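Protein sequence lines, in the order shown, are assigned to chains A and B. If you count the first sequence from 1, you need to add 70 to reach our numbering. If you count the second sequence from 1, you need to add 74 to reach our numbering.
Honestly, the hints are just simulated from the structure, not real lab data. Careful, some of the hints might be misleading.
Distance condition first, Cα-Cα at most 25 Å in a straight line; then the derived SDA-like pairs of lysine to any residue [said to hold, decoys possible]:
#1 B:130 with A:345
#2 B:696 with B:562
#3 B:91 with A:79
#4 A:119 with B:355
#5 B:91 with A:345
#6 B:355 with A:365
#7 B:347 with A:230
#8 A:231 with B:185
#9 B:309 with A:196
#10 B:174 with A:143
#11 B:130 with A:230
#12 A:365 with A:124
#13 B:289 with B:238
Only a predicted model underlies this, so the values are computations on that prediction, with no experimental measurement involved.
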Amino acid sequence: MTLSATSHLRRLEAESIHIMREVAAEFRNPVMLYSIGKDSSVMLHLAMKAFYPSLPPFPLLHVDTTWKFREMIRFRDETVKKLGLNLLVHINEDGVRRGINPFDSGSSLHTQVMKTESLKQALDKYGFDAAFGGARRDEEKSRAKERIFSFRNASHAWDPKNQRPELWNLYNTRIAKGESIRVFPLSNWTELDIWQYIMAEDIPIVPLYYAKERPVVERDGTLIMVDDERMKLRDGEEAQMRLVRFRTLGCYPLTGAIDSGADTLEAIVSEMLTARTSERQGRLIDSDEKASMEKKKKEGYF
Amino acid sequence: MTAPEQLRAYLAEQENKSLLRFLTCGSVDDGKSTLIGRLLYDSKLLFEDHLAALEKDSKKHGTTGGDIDFALLVDGLEAEREQGITIDVAYRFFATDKRKFIVADTPGHEQYTRNMATGASNSDLAIVLIDARKGVLTQTRRHSYIASLLGIRHVVLAVNKIDLVDFSETVFNDIVAEYREFAAPLGFTTLTPIPISARFGDNVIAPSASTPWYKGPALLTHLETVDVDTARAHKPFRMPVQWVNRPNLDFRGFAGTIVGGRVRAGDPIVVAKSGRTSTVKRIVTFDGDLQEASAGDAVTITLADEVDISRGDLLAHTAERPEVTDQFTAHLLWMAEEEMLPGRQYLLKVGTATVPATVSTLKHRVDVNTLDHLAAKTLHLNEVGYANISSSQPIAFDPYAENRETGGFILIDRFTNATVAAGMIDFGLRRATNVHWQALDVNKQVRAEAKGQKAAVLWFTGLSGSGKSTVANLVEQRLFAMGRHTYLLDGDNVRHGLNRDLGFTDADRVENIRRVGEASKLFVDAGLIVLVSFISPFRSERRMARELLEPGEFLEVFVDTPIEECMARDPKGLYIKAKAGQIKNFTGIDSPYEPPEAAEITLKTVGTKPEDLADQIVETLKARGIIP
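Can you build the whole structure from these sequences, using the hints too?
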């Protein structure tokens with residue numbers, strides 16, 4: 071499928087490119103958060119376009135919780151090698167030493183320590199003053215409220231009640247020392263836009279999005295894939311091979327699979343068009359507590 | 075067709091749908107968020123998990139007595155749901171068979187007007203909601219005015235809660251008539267009134283049986299069909315340079331988004347500010363070179379010649395150039411708690427250029443209720459004004475009415491980095507005459523500094539014969555001896571020249587002082603210390619002269635001599651003539667003198683030598699830092 075020059079996706083593409091160029095031109099030390107999922111794949115593809123024939127003038131940063139699917143890590147390493155990009159991987163070693171994990175520590179503490187804290191460590195370590203994230207406004211209601219250029223204070227916190235006005239395509243990029251800005255170039259994309267764009271541009275994505283027989287257990291109403299030996303089965307649980315796929319990707323113990331036979335992009339999009347639940351429904355971390363995404367964002371989560 | 079073919083056909087159809095960006099605005103509690111929730115719900119665009127969460131939230135925070143509270147769908151912040159209000163703009167996305175929509179749900183509280191403006195800046199249509207029970211409110215007017223300022227030309231007047239006024243046609247018609255009268259000067263191309271009930275869905279998706287008198291379209295039908303084509307591609311070519319792309323020595327490209335018109339390889343282009351010209355060599359993209367690109371495209375342009383271009387430059391077609399100036403007028407929407415200060419330096423961002431700028435004069439403030447122009451010295455949070463802006467370097471721009479992207483700007487506070495204002499350029503006040511601009515403007519401060527002093531006015535007031543001119547002359551002699559630069563304006567010398575057409579009626583006395591005040595202002599602008607020696611009997615005229623100048627520049631010197639003493643001195647024999655009736659309107663005899671209430675300096679001449687009084691004034695000038 072080729073896109074016409076005036077199409078909706080071309081408009082979204084141009085807006086994202088504009089945003090990325092603003093950041094490259096106005097910040098001292100930007101970075102692109104790369105989470106390996108489909109939105110990150112689209113964001114990376116747009117960055118390759120924005121600066122062509124140069125490579126993107128910033129590194130990628132993956133905050134590795136050490137609980138990502140193995141296929142994600144493989145895909146990540148292949149991608150950066152193929153594109154010739156600089157990838158930084160940060161792991162919260164303190165959290166690892168404390169033995170924080172999603173099974174025993176609970177999803178909330180695990181996410182707090184291995185994602186949010188870890189991200190803040192990495193941003194401080196390298197002194198990044200701007201960080202791209204692939205979040206979209208259609209994903210979740212607190213994200214629908216966030217600016218494209220989202221100001222964070224020196225402790226990385228978001229103040230939703232006092233956001234900078236953001237008019238036209240004029241972004242205020244001024245910050246004081248120690249402060250930073252999170253930038254969301256995909257703010258105005260919807261889930262359908264992302265998939266259509268992946269189809270139109272033939273963008274590689276992690277194979278976990280496609281249906282395949284995978285070993286899963288059903289736990290608390292969610293299908294969890296047994297990705298490695300660290301997943302301890304409870305009494306009565308037994309890993310069974312089921313034809314499943316993932317609508318979003320995160321830490322494997324916290325990401326629910328769905329029963330699906332969709333093994334092509336067309337089938338995935340068809341399935342999505344008839345879906346009656348949102349994509350983040352499979353994400354256990356969103357429903358920890360009320361307004362939980364907003365709370366995490368105030369603490370510095372993307 | 076096979077299933078994949080069907081899907082591709084469906085997706086192609088999705089792709090070719092047009093996009094409408096609109097906002098909902100109006101006063102608090104008029105039902106903006108509820109309306110958006112209703113649109114999403116009725117177009118079956120809500121996921122089951124979102125619906126389940128909504129039902130749960132409605133029981134907890136809802137304001138609809140256990141029914142689904144659609145506002146909770148869009149009020150995504152915890153504080154919003156707890157308080158039942160909208161604080162910040164929320165963006166929602168939905169599509170129908172005919173169109174895609176991005177809707178900005180904006181807050182109704184005056185306090186959050188800047189967030190409403192954020193939502194309006196990228197919208198093509200505004201739904202202005204009105205509570206049928208309350209009618210047109212201040213916020214309705216404020217939002218309508220701001221929407222029009224930001225260039226929105228299409229408005230839907232949604233008269234909501236029509237169920238609560240028994241679906242009354244009269245109520246509807248009255249509100250529409252009142253709104254039309256208010257909105258007439260706002261220049262909307264379309265104004266479509268629709269009676270709705272967001273809570274129950276009347277006239278939202280489909281025509282309602284409860285309003286048989288209403289013959290127009292349902293809201294969604296109107297949104298699907300309204301023509302808002304902004305035709306950016308037919309405007310003059312404009313591209314602000316964002317980033318210079320230099321992967322190697324052989325490639326130098328200028329990356330940016332085209333914000334007006336179109337460009338082809340071979341087109342002659344000009345760098346607006348420097349006036350340098352070249353031709354477009356290539357239009358480079360990741361997907362291959364383009365022969366032509368148009369408004370909305372993000373591209374990289376290479377030129378046939380080596381031209382000095384950097385971020386902040388605006389590229390244009392040589393035949394259709396933007397204005398370049400450092401003085402222009404603009405509408406300002408003030409968005410900070412801290413008031414606007416004329417003369418303070420802010421950062422102005424227009425296109426990709428950021429330059430220091432000041433609001434040189436606030437011409438007026440706009441009353442959002444009546445659209446009247448009011449005199450004002452400053453703008454407070456959420457106020458709109460019209461001002462002269464002066465930038466420290468020339469900027470390239472188009473009037474906002476011609477191009478939103480090259481005519482809209484923001485002001486940023488240099489210390490807090492807050493975005494304090496949005497501006498819409500009206501027109502340039504003078505063209506930049508030279509392309510090589512001097513970084514330093516020659517202004518009052520610079521002129522005064524070159525003379526080693528601060529500019530000021532010493533305004534001597536007092537009765538005829540009180541000793542004003544004697545003391546003023548002595549002060550000027552002392553300042554001159556110290557190497558300071560001065561000028562003396564004396565009642566007699568001015569009345570023989572500049573003001574010889576004026577007599578001594580009250581009106582002429584006022585005009586006399588007005589002219590002297592303006593003349594002093596010019597000398598102050600030249601960096602001089604001005605000594606004005608005028609009877610200037612009226613307080614209001616002395617205040618007028620004071621207000622022509624900046625705080626600290628005007629020093630009132632009250633030469634306080636009793637009238638008996640003046641009459642005894644009578645150096646020009648005027649009192650004798652006045653008492654004899656030969657002079658009319660003589661101050662102190664048949665015309666009043668209003669002594670100053672708070673003069674900076676008061677001189678008691680009786681019993682003190684004029685030389686000592688002059689020294690007293692020189693000391694005051696030193697203490698105030700006017701002279702070293």
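Okay, the hints, checked on the actual structure:
Under the criterion of a C-alpha separation no larger than 25 Å, the hint pairing residue 130 of chain B with residue 345 of chain A is consistent with the structure, at around 21 Å. At most 25 Å may separate the alpha-carbon atoms for a hinted pair to count; residue 696 of chain B and residue 562 of chain B meet this at roughly 19 Å. Between residue 91 of chain B and residue 79 of chain A the CA atoms are separated by roughly 11 Å; this keeps the pair inside 25 Å, and the hint holds. Taking the CA atoms of residue 119 of chain A and residue 355 of chain B, the gap is about 20 Å. The hint holds against a cut of 25 Å.
Simply put, residue 91 of chain B and residue 345 of chain A have alpha-carbon atoms about 22 Å apart, close enough for the 25 Å limit, and the pair holds. Restraint check for residue 355 of chain B and residue 365 of chain A: the C-alpha separation of about 51 Å exceeds 25 Å, so the hint is violated. Taken as a hint, the residue 347 of chain B and residue 230 of chain A pair is broken in the structure, with Cα atoms around 39 Å apart against an allowance of 25 Å. Of the pairs offered as hints, the one joining residue 231 of chain A and residue 185 of chain B holds, with about 11 Å between alpha carbons and a cut-off of 25 Å not exceeded.
Distance hint between residue 309 of chain B and residue 196 of chain A is unfulfilled; the C-alpha atoms sit about 44 Å from each other, more than 25 Å. With a CA separation close to 36 Å, the supplied pair residue 174 of chain B and residue 143 of chain A exceeds the 25 Å bound. About 23 Å separates the Cα atoms of residue 130 of chain B and residue 230 of chain A, which keeps this hinted pair within 25 Å; it holds. Pair hint residue 365 of chain A plus residue 124 of chain A does not hold up; C-alpha atoms about 38 Å apart against a cutoff of 25 Å.
A threshold of 25 Å between alpha carbons decides the hint, and for residue 289 of chain B with residue 238 of chain B the separation of about 20 Å falls inside it, so the pair holds.
Comparing the model with each numbered hint stated earlier shows that hints 6, 7, 9, 10, 12 do not hold.
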